[in-house]
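Heads up: the sequence lines are chains L and G, in that order. Per my numbering, residue 1 is the first one in the first sequence, and the count goes up by one each step. Per my numbering, residue 1 is the first one in the second sequence, and the count goes up by one each step.
Misleading hints may appear alongside valid ones.
Said to hold, decoys possible - Over the 10 Å line for every Cβ pair with chain G, so calculated as not near, a few chain L residues:
#1 Phe14
#2 Phe23
#3 Pro30
#4 Asn47
#5 Pro53
#6 Glu77
#7 Gly85
#8 Thr112
#9 Phe137
#10 Ala157
#11 Phe163
#12 Gly201
#13 Leu203
Stated by the list, open to error - Heads up, simulated SDA-like pairs for lysine to any residue below, C-alpha to C-alpha not over 25 Å straight-line:
#14 G:Lys111 x L:Leu141
#15 G:Lys172 x G:Ala271
#16 G:Lys111 x G:Pro78
#17 G:Lys108 x L:Pro142
Hints are computed from structural coordinates only; laboratory data are not their basis. If you're wondering where the values come from, they're calculated on a predicted model, not measured in any experiment. Just so you know, even glycine gets a beta-carbon here, dropped at the ideal spot from N, CA and C.
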Amino acid sequence: MLTAADFATLLLTFNVASLATMFMLLFGTPLAWWLARTQSRWRGIINAVVALPLVLPPTVLGFYLLVFLGKNGLVGEFTTWLGIGTLPFTFAGLVVASVLYSLPFVVQPLHTAFLSIGQQPLEAAASLRASPLDTFFSVVLPQSKAGFLTATILGFAHTVGEFGVVLMVGGNIPDKTRVVSVQIYNHVEALEYTQAHWLAGGLLGFSFTVLFILYSVLNTTPHVK
Amino acid sequence: MNNTPALITACITHYYKEFHLSVELHLPNAGITVLFGPSGSGKTTLLRCIAGLEHAQQGVIKINGDVWQDSAAGVFLPTYQRPLGYVFQEANLFSHLTVRENLNFGLKRLKAKSDTPEYHHILDLLGIRQLLDRMPARLSGGEKQRVAIARALVLQPCCLLMDEPLAALDFKRKQEILPFLRRLNQELTIPILYVTHAQQEVAQLADYLVVLEAGKVQASGFLSDTLSRVDLPLAQDRDASTVWNTTLLEHETEFHLTRVAFAGGTLSLPALTAKIGTPLRVQIYARDVSIVLEVPLATSILNVLPALITDIADGERGQSIVQLRVGQEVLLAHITRKSVLMLMLSIGNTVFVQIKGMSMLN
Numbered sequence: 001m002l003t004a005a006d007f008a009t010l011l012l013t014f015n016v017a018s019l020a021t022m023f024m025l026l027f028g029t030p031l032a033w034w035l036a037r038t039q040s041r042w043r044g045i046i047n048a049v050v051a052l053p054l055v056l057p058p059t060v061l062g063f064y065l066l067v068f069l070g071k072n073g074l075v076g077e078f079t080t081w082l083g084i085g086t087l088p089f090t091f092a093g094l095v096v097a098s099v100l101y102s103l104p105f106v107v108q109p110l111h112t113a114f115l116s117i118g119q120q121p122l123e124a125a126a127s128l129r130a131s132p133l134d135t136f137f138s139v140v141l142p143q144s145k146a147g148f149l150t151a152t153i154l155g156f157a158h159t160v161g162e163f164g165v166v167l168m169v170g171g172n173i174p175d176k177t178r179v180v181s182v183q184i185y186n187h188v189e190a191l192e193y194t195q196a197h198w199l200a201g202g203l204l205g206f207s208f209t210v211l212f213i214l215y216s217v218l219n220t221t222p223h224v225k
Numbered sequence: 001m002n003n004t005p006a007l008i009t010a011c012i013t014h015y016y017k018e019f020h021l022s023v024e025l026h027l028p029n030a031g032i033t034v035l036f037g038p039s040g041s042g043k044t045t046l047l048r049c050i051a052g053l054e055h056a057q058q059g060v061i062k063i064n065g066d067v068w069q070d071s072a073a074g075v076f077l078p079t080y081q082r083p084l085g086y087v088f089q090e091a092n093l094f095s096h097l098t099v100r101e102n103l104n105f106g107l108k109r110l111k112a113k114s115d116t117p118e119y120h121h122i123l124d125l126l127g128i129r130q131l132l133d134r135m136p137a138r139l140s141g142g143e144k145q146r147v148a149i150a151r152a153l154v155l156q157p158c159c160l161l162m163d164e165p166l167a168a169l170d171f172k173r174k175q176e177i178l179p180f181l182r183r184l185n186q187e188l189t190i191p192i193l194y195v196t197h198a199q200q201e202v203a204q205l206a207d208y209l210v211v212l213e214a215g216k217v218q219a220s221g222f223l224s225d226t227l228s229r230v231d232l233p234l235a236q237d238r239d240a241s242t243v244w245n246t247t248l249l250e251h252e253t254e255f256h257l258t259r260v261a262f263a264g265g266t267l268s269l270p271a272l273t274a275k276i277g278t279p280l281r282v283q284i285y286a287r288d289v290s291i292v293l294e295v296p297l298a299t300s301i302l303n304v305l306p307a308l309i310t311d312i313a314d315g316e317r318g319q320s321i322v323q324l325r326v327g328q329e330v331l332l333a334h335i336t337r338k339s340v341l342m343l344m345l346s347i348g349n350t351v352f353v354q355i356k357g358m359s360m361l362n
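Just chain L, same shape as in the assembly (with noise of 0.2 Å):
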C-alpha cells in the first residue's frame, strides 16, 4: 500500500498542477486570444515559442531554465535582487517551469476555441452596444466553454504528467519538489514495485479517467434546448 511518503508526493503533484493550471490559464486566456485575434507579424515567432515545450525534450527545457532561473541566471540575479532568492529547486521554480512547459496544451485548445467563433457574433455584440471587453466576457468565454474545459483538463494533467523538467529543476526534495513521477522512479530504483504499481496503476486510471469524461462531456451537443 501507499506509505505517508507517496501520500505527500501525491499531494504535492496536486499542488503544483492546481497552482501551474491556475496560471497558465491566467496568461494563456490573453495569449490565446491575442493569438486569435492579432494581424501582427509577431504572430507567428510568439506562436513557435509557446509552442516549443511540444518537440523539445523536457531535459532542454529543464536545463535551460537551470540556468536562467539559477544564481548567475538573468532571472535567478532578478529574484535574488527582489530578495526571494533563487528558483530552482524550490516549489515556486517548479511551478515557473510547470507554466511553461505546459503552456501549449492550455493554449492551443483555447486558440482553437477563439478561432471557431469567427468574427460574426463579435460584430454582433458591437452593433448591439457591448465593448470590446464586454464582448469578450459576455459573447467569447461562454461560447468557449469546451475550449476552456479542455484547456484546464490537458494542462493539469500534463503537468502531472511531467518528469524531466521537474527533475532537472526541482530535484527530487521531499515534500518541497518530490512529485509523483519522481517517486515512481525512485521506487522502481529501489525495486520496491508494489509501490510503484499503486502509484502507476493511480496515475494511469487518473488519465484515462480525466479523458474519458472530458470527451463525453464534449460530445454532447452544446446550445440546444
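For chain L, the structure is supplied; the task is to place chain G on it using the hints.
Just chain G, lined up with the frame of chain L:
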C-alpha cells in the same frame, strides 16, 4: 423613435487591396434607402463603414448631425458607441443565449427596460412572441432573421442598417420576411439602409435608391427617378420596371376588377381584397408597356393612358428604351427600334401608353 427628419451623410474613401470605394452620399433620413449593385460594387463595404465595422481610411459620416467619423478631426466612434441597429446576412444570433436573452442583450447594456409597449409592439410586428424561450439552433432561417431584426429594433436605433438580410434565405422564407420589412417601414418611423443585389427587393422595398458600381455611386435618387433613368443598366435590364404609389379607389365586383388611383389618373387591376383607401405599390414592367399615337377605338387592353415622352435611348439587340411621364408618375417602355422610327417618336411627343399587365408589391 426618431421624429426629427434629417440627413445621413457618408462621404468616404476606402482602399482595400485592389478595391477602391469612393462615395459622396446624402441620404434622406426616412423610409427605406436601398444600396443596390452587383457583388464587388462596394455596397456592403459602404454599409460596414457607416456602422464602423470597417474603418474607412478617409471621410465623414454624420447621422442627424451627430459625427460618427471625421478623419480630418481624428474622430472615429467605435461601433458599440453608435446608436444604430445592424442586421447581418446571416442572422448572427448568439448561439449560447435564448431568443429572449438575445433580444435583451443590447437593452441590458443601455440599462433600458424590456417591458415597454414598444418592445411588445416589435415582438408582435415580427411575430416572434412564441419563440422567446427557444435556443437559436431550434429556429428556422426565417425565424432567426426575424429575431435578428427585432434584436436590432428594440434598441430604438436612429437608423437600421441591413446587409442583404434575405440573401441566405430561400424564396419561401423571403416571402415570409418581406411583408414584415414593409410593415416595419410603415409602422415605425425608422430610416432603413438596405443592401441588396436583388432587383425584386429594390422594387418591393425602396423609397430611395443608390446604385453602386465598382466602388462608385452610379445614381442616387428617389426610386422612380432612378429606376427610369434610361442611361443606367437597370433600365436596360429585361426586368426593368417602374414602381407607382397608388391608393385603392373602388372595387368593380361584376368584372372582378379593382381600380386604383395614382397621381394623375386611375388604373384597373385584377380584383384585390384590400379595403378602399389602402396604399398600394404597383410595379409596371417596361416589357408590358406599348405605345400608340392615338387613343385606340377598340382594344382589349383596359389601361390606356396619355403620356409624354421624356427620354429615349438605344438598348441591346434592336431594342429602345422610352421614358414617359404619365400624370406625376414615370414609366418605362421597352419597344423595338423599328417602332420608334415608324411612329417617329421623339422627346416631347404626346402619345398613349397601353399597359398590358402589372403586379402588386404589397
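Against the structure, the hints come out as follows:
no., hint, verdict
1, Phe14, "32 Å, holds"
2, Phe23, "27 Å, holds"
3, Pro30, "20 Å, holds"
4, Asn47, "25 Å, holds"
5, Pro53, "32 Å, holds"
6, Glu77, "44 Å, holds"
7, Gly85, "46 Å, holds"
8, Thr112, "17 Å, holds"
9, Phe137, "12 Å, holds"
10, Ala157, "26 Å, holds"
11, Phe163, "39 Å, holds"
12, Gly201, "40 Å, holds"
13, Leu203, "35 Å, holds"
14, G:Lys111 x L:Leu141, "22 Å, holds"
15, G:Lys172 x G:Ala271, "24 Å, holds"
16, G:Lys111 x G:Pro78, "19 Å, holds"
17, G:Lys108 x L:Pro142, "17 Å, holds"
In this structure, none of the earlier numbered hints is contradicted; all agree with it.
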